[in-house]
Each structure stands twice: as structure tokens, then as C-alpha cells.
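Protein chains in written order, with our numbering: chain A, 1 to 139; chain B, 1 to 139.
Be aware that one or more of the hints could be misleading.
Said to hold, decoys possible - Mimicking BS3-like on lysine-lysine, the simulated pairs with C-alpha atoms at most 27 Å apart in a straight line are: (1) A:K23 with B:K2; (2) B:K2 with A:K131; (3) A:K131 with A:K2; (4) A:K2 with B:K23; (5) B:K131 with B:K23; (6) A:K2 with B:K131; (7) A:K2 with B:K2.
What the hints assert, rightly or not - A few chain B positions that, by computed beta-carbon distances, are all more than 12 Å from chain A: (8) T6; (9) R86; (10) S91; (11) R100; (12) L117; (13) P126; (14) G137.
Bear in mind the hints are in silico, worked out from the structure with no lab data behind them. Quick caveat: nothing in here was measured; it's all calculated off a predicted structure. Even for Gly, the Cβ is constructed at its ideal location relative to N, Cα and C.
2 protein chains.
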Amino acid sequence: MKYLHTMVRVTDIDESLDFYCNKLGLEELDRYVNEGGRFTLVFLAAPGNESAQVELTWNWDPEELSGGRNFGHLAYEVDDIYAKCRHLMDSGVTINRPPRDGRMAFVRSPDGVSVELLQRGEALPPADPWKDMGNTGVW
Amino acid sequence: MKYLHTMVRVTDIDESLDFYCNKLGLEELDRYVNEGGRFTLVFLAAPGNESAQVELTWNWDPEELSGGRNFGHLAYEVDDIYAKCRHLMDSGVTINRPPRDGRMAFVRSPDGVSVELLQRGEALPPADPWKDMGNTGVW
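Generate the whole structure from the sequences, applying the supplied hints.
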């Protein structure tokens, strides 16, 4: 038995790929377009960690993608949580829970999927601008 | 960058561990009990696949755990999808999408989290009772 992926639905595939790949840092591994079923599946993973994937499901016909409470978040370990959050923030992503502790941050995808970022190994020393940055919204 | 886990919230930790471990086949790797915060975290993974985990968050104070549409499902590859579904069904789990094709099935956790099961490698030949079994609900 082996974990394959977590599937999340997206309303705008371009906006979502921009978030998950350009901003968060995942890579596209595979794509399946079903013209008859009017949906596209895109499989993403962290570089070098292809066995644990995120599947984006984009149904071409518009639908409301509400959030729920039973699902919490996707979590990724990152090499430098400050550099990652800086890149995300400079790309226009709100850092809902800044890494004040040098260890943990939360952001959200364009469809409201919460993503946790955790510093690999020991927490980094407190640093500006993160150490005094307040929370924004919920995650 | 590396995938760590998908977090899902649960309302009843015993019922959830029964589902995810005894029925689905994951193993408990770690547990963190926070008396002050009144929550318990339990980390699970498929045997031999400890690097890709599911984190169960159990908040001790009751809360409504609605489902949403932005999250889709967790997916696991299994060695024998018929044996896995038989074990789940015999344990009282509804097979929402039976493996009629010998390849894919869906079930739901006690809190409504959809779980996809995919046969490793080639699809199995069609077999009773699965090949004629209808769907139940949504997944």
C-alpha cells in the first residue's frame, strides 16, 4: 500500500498552476485532458519527491468550490522558510500565518486550500520582517 | 522541498483510527497530545511508506466538520483492490464506488473524507461481487 496523491479541485487551472508551481515551487509531472468529460487533471510534486503528488482537477464547467472543515491542509517541508515566504509574498500571495518562529507558515491556494510550510530541521533564528508580522485571516 | 502530509480533522479519534488503520490499513507513526490546547494529532502512513503521511487532528471540543468541494480525496495504491474492498466491506465500510473495473474504488472516512483506492499495476479481471455492484452515494 502506498500513498499516491491528494486531489484538490480548482476553478482556474492557469491561476492554480501559477500558485502551485511558480509561487509554491511544485513541478508539473503529468497532465490528462478529457475533452468528452470536459475536465483536466494535472499531477504536481515537489522537485525530487515525485512519489507524493497533488492532483489538480479542473472541471471546465464552472462550479462553486466551497471549503470544508474535514480537510485541513497540505504540508511541505522547505529548505529555507524565509526565502520561500519572501518569494510567495513578492509574488502576491498573502502569508496568512507568517513564520514568526522561523519554523511554520501557512498560505492558501486560489481556491482556499490551506498549505503549511515547515522549515527542514531546526527552526531558523527570528528575523525581520517575519518576527513581528501579524496573522491575516484564517488558514 | 518535500511533501510531508495531508491534514484532516476528525470528530472521534477512536472511530477514525479504526477506519484509517484497522480497515484501510494505515499505521500510526506518532501521536502528540496537547492538554492545554485540548487537541491530539496522530500521524499515519501506509506500511513502508512512512514519508507520505496523513495527519489526523482531533479537537477535543465538539465541532461540526462539514465537507467542501475544493478538497477532493486522498489516493492510495493497493496490492489487491478486491481484497482491500472485501476487508473494508466486511468491516462495515460502504464501498461508494465499487471496483467494477478491477482498478478503482472510493470509500469515505467517518468524517466524510473521500479515499480513492487504485490497483497497483494492471487492472484485475472483472470479478464478483464487484463487477455488477452499483454506486452508493457520492465520493
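How the hints compare with the structure:
1. A:K23 with B:K2: With Cα atoms ~15 Å apart, K23 of chain A and K2 of chain B stay inside 27 Å; holds.
2. B:K2 with A:K131: 24 Å, holds
3. A:K131 with A:K2: Given pair K131 of chain A, K2 of chain A is violated - Cα atoms ~38 Å apart, limit 27 Å.
4. A:K2 with B:K23: 15 Å, holds
5. B:K131 with B:K23: This hinted pair holds, its Cα atoms lying about 22 Å apart.
6. A:K2 with B:K131: Given that 27 Å is the threshold and the Cα spacing comes to 24 Å, the pair holds.
7. A:K2 with B:K2: 16 Å, holds
8. T6: 5 Å, violated
9. R86: 15 Å, holds
10. S91: 16 Å, holds
11. R100: 18 Å, holds
12. L117: Non-interface label on L117 of chain B violated, nearest chain A Cβ at 9 Å vs cutoff 12 Å.
13. P126: Holds, because the least Cβ-Cβ distance between P126 of chain B and chain A comes to about 22 Å, which exceeds 12 Å.
14. G137: 15 Å, holds
Hint compliance for this structure: hints 3, 8, 12 are broken, all remaining hints hold.
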